[in-house]
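**Student:** The residues making up each chain are set out below.
Protein chains: 6
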Amino acid sequence: MIYVSRKEHFNAAHKLYNPQWSKEKNQQVFGPCANENWHGHNYDLIITVSGETDPETGFVVDLKKLSVLIKAKVLEPLDHQNLNVDVSFLQGKMPTTEVLAMEIWNILDLEVPAITKFGKLYSVKLYETPRNFVEYFGPQL
Amino acid sequence: MIYVSRKEHFNAAHKLYNPQWSKEKNQQVFGPCANENWHGHNYDLIITVSGETDPETGFVVDLKKLSVLIKAKVLEPLDHQNLNVDVSFLQGKMPTTEVLAMEIWNILDLEVPAITKFGKLYSVKLYETPRNFVEYFGPQL
Amino acid sequence: MIYVSRKEHFNAAHKLYNPQWSKEKNQQVFGPCANENWHGHNYDLIITVSGETDPETGFVVDLKKLSVLIKAKVLEPLDHQNLNVDVSFLQGKMPTTEVLAMEIWNILDLEVPAITKFGKLYSVKLYETPRNFVEYFGPQL
Amino acid sequence: MIYVSRKEHFNAAHKLYNPQWSKEKNQQVFGPCANENWHGHNYDLIITVSGETDPETGFVVDLKKLSVLIKAKVLEPLDHQNLNVDVSFLQGKMPTTEVLAMEIWNILDLEVPAITKFGKLYSVKLYETPRNFVEYFGPQL
Amino acid sequence: MIYVSRKEHFNAAHKLYNPQWSKEKNQQVFGPCANENWHGHNYDLIITVSGETDPETGFVVDLKKLSVLIKAKVLEPLDHQNLNVDVSFLQGKMPTTEVLAMEIWNILDLEVPAITKFGKLYSVKLYETPRNFVEYFGPQL
Amino acid sequence: MIYVSRKEHFNAAHKLYNPQWSKEKNQQVFGPCANENWHGHNYDLIITVSGETDPETGFVVDLKKLSVLIKAKVLEPLDHQNLNVDVSFLQGKMPTTEVLAMEIWNILDLEVPAITKFGKLYSVKLYETPRNFVEYFGPQL
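Protein chains in written order, with my numbering: chain Z, 1 to 141; chain U, 1 to 141; chain B, 1 to 141; chain A, 1 to 141; chain X, 1 to 141; chain Y, 1 to 141.
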């Protein structure tokens, strides 16, 4: 068992705003992140796949295929978008880094088996800034 | 003469959209940056002051004072804001990295003399992403 | 369960010197780190909290509150200090990166519950330099 | 139990080419990595040792000794070499990042006990580029 | 006048070997870089264009166009190649970082005018490793 | 003319304290940097040499020789030292980043000619932290 990672990046606008709360409560809880005119980030995304190495290639997964997959399934719907407005799988959800990482997991967990017989999705690490980041390892069954 | 730099950061939303053009021309010229629902970035900002060192302190400028100045005059109006909507000194301007760096110069060039007798503003370096950045040294007289 | 991290930094002086040993043995074991006139580092500190997300905020923990907590309880006693001389919770201890990370854990493990109902301290990662670092996950009960 | 890490770096040439396949199949599977005239990388290597701290030194392992060990046993045979041609322990193997990390584990797992009574090898993390990297924690018994 | 930069990366194999010298002299001058079986690097490349901003776009140059140009004219012939063997514009030259940066300048200086009316090539900065790098500003006329 | 750079690092303790001032004035001017028990930093140092390339080697300067020179003449007296106490060339001077960079220039400007016929010292860039740094290009004659 070995862990193989690919780093990608995208940028997006968002705001943190709970529509069931007053504007005042949103500002109290989320501070400047609640700015109704949006703010944004450059996100760094690290996808890790774990598994055995294919004896014919020495790969758990071809990282070029993993990169193409991340671009098609994750960056395409997120890059240069407004996370609250433009992204179907985030509709009605708070676009925190935590929630976004879990949604990216849900997408990729279904897609990784198509590109490797030897590995499966292990973790999604998402940097909102170089100082604020999360890591998700999937639901614990 | 020596060059002293302080690095700060902020994040913001923006879009690149020339209101004198059609939506189609904006998308053709600016691509995904023209998304009308905005996108955003973590900006890194490096302010450089040049000058002689004060013989009593060994400083061209106290970098703590420079940091406080940048926060008050530049980060306060920009951080967690929408560059097209929320920032008075960018009204009616294209919020490209180039234009933003020149506007930051205009603000700080007036303010730096208040915190140092030995130095003056030398350059504004602004990273929109780790891969795209600009540097401005002021108007050439 | 998801893991949320905040990165902070401080700098400090220290020396590695076991007072029960001769000066010669200290120099033999610790080399230049035993310099009696001290040396120092810029430390990078990453605090990770693990837990479920609050359904109302999408946060495990508000990273702004975590940052304020780290600054008050960890950076305030350590930043710009001499780890051997100035820091009460390090008195009589070797200020290695290992020992410092474990002491930071002991402080924050008590404090994190005050800022989140959904998470608890998971790890303390401390970089003495970009090349030398430790990670501590708490005592194993 | 605490985890202590040392970062080193080396550079090398390699190609990914399965000699049991045709040239066409190699190009189809490995793309530009199959270039028969080689390409190369700057590798970053992070070695982590886990254990208790020595009460006399506050160290799990003296990171200077760990650095010397990595240089002698890992960097000496790999740095400025051709991984396919020059490295005895890679003969007949595919020099992917996965395989290389596992071989580095095999070397260091035997050597770390000689420099510390308190720790043992925990992981080998190897960056082929800042975007492509692997981590290996040893065989799972 | 403002300076706009784009960062790209590629990797390649090379050796430093003067064919007019003996093997011994090559090893004496170039050390491990003279290994006849090659070694390699991940190169980081920063291209800077200087000029006025276009009043309609706020750009000196569209960095997406600059990125496409660098990929087509510089990365395509260099990425995953052997600099001594595979690259026509380096035939008969020593593939040091200095020489490579000057050759990249020669290519891009002719091409940049095709993508911007407002700027021209200002510098080529090339990192062979994070610790060894060069910058070239063109021939001084 | 091309500019060739080498990055090195060291760490040291210091304090900023003008002995002609009262303790109160020192604390007012230098804040926590005036802590009489010292604090410290990991310094990053970038030395740039400018010149023509040697036609036989393609080098302005052999960066291995430059690295050896920096280690012998700059890192040896500074690394793991107290800048106020242990360093002869800083005696009686304020060990700010500005002053330290100028002193490093004075040392290396005399030494670089011994290792290259084709280049001379161009600049000394010194990072006290990743956020605070200076660059010095020598006295302007």
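If you're looking for bench data, these hints aren't it; they were derived computationally from the structure. Misleading hints may appear alongside valid ones.
Same chains, same names: a pair is fine if it fits in one copy or spans any two.
[Stated by the list, open to error] Computed list of lysine-lysine pairs in DSS-like fashion (alpha-carbon distance at most 25 Å, straight line):
1) Lys71 <-> Lys120
2) Lys73 <-> Lys125
3) Lys25 <-> Lys73
4) Lys65 <-> Lys25
5) Lys25 <-> Lys125
6) Lys25 <-> Lys64
7) Lys25 <-> Lys7
8) Lys73 <-> Lys120
**Student:** For a quick check of understanding: which of the numbered hints are violated here, in increasing order?
**Tutor:** Hints 3, 5 and 7 are the ones this structure does not satisfy, whereas the remaining hints hold.
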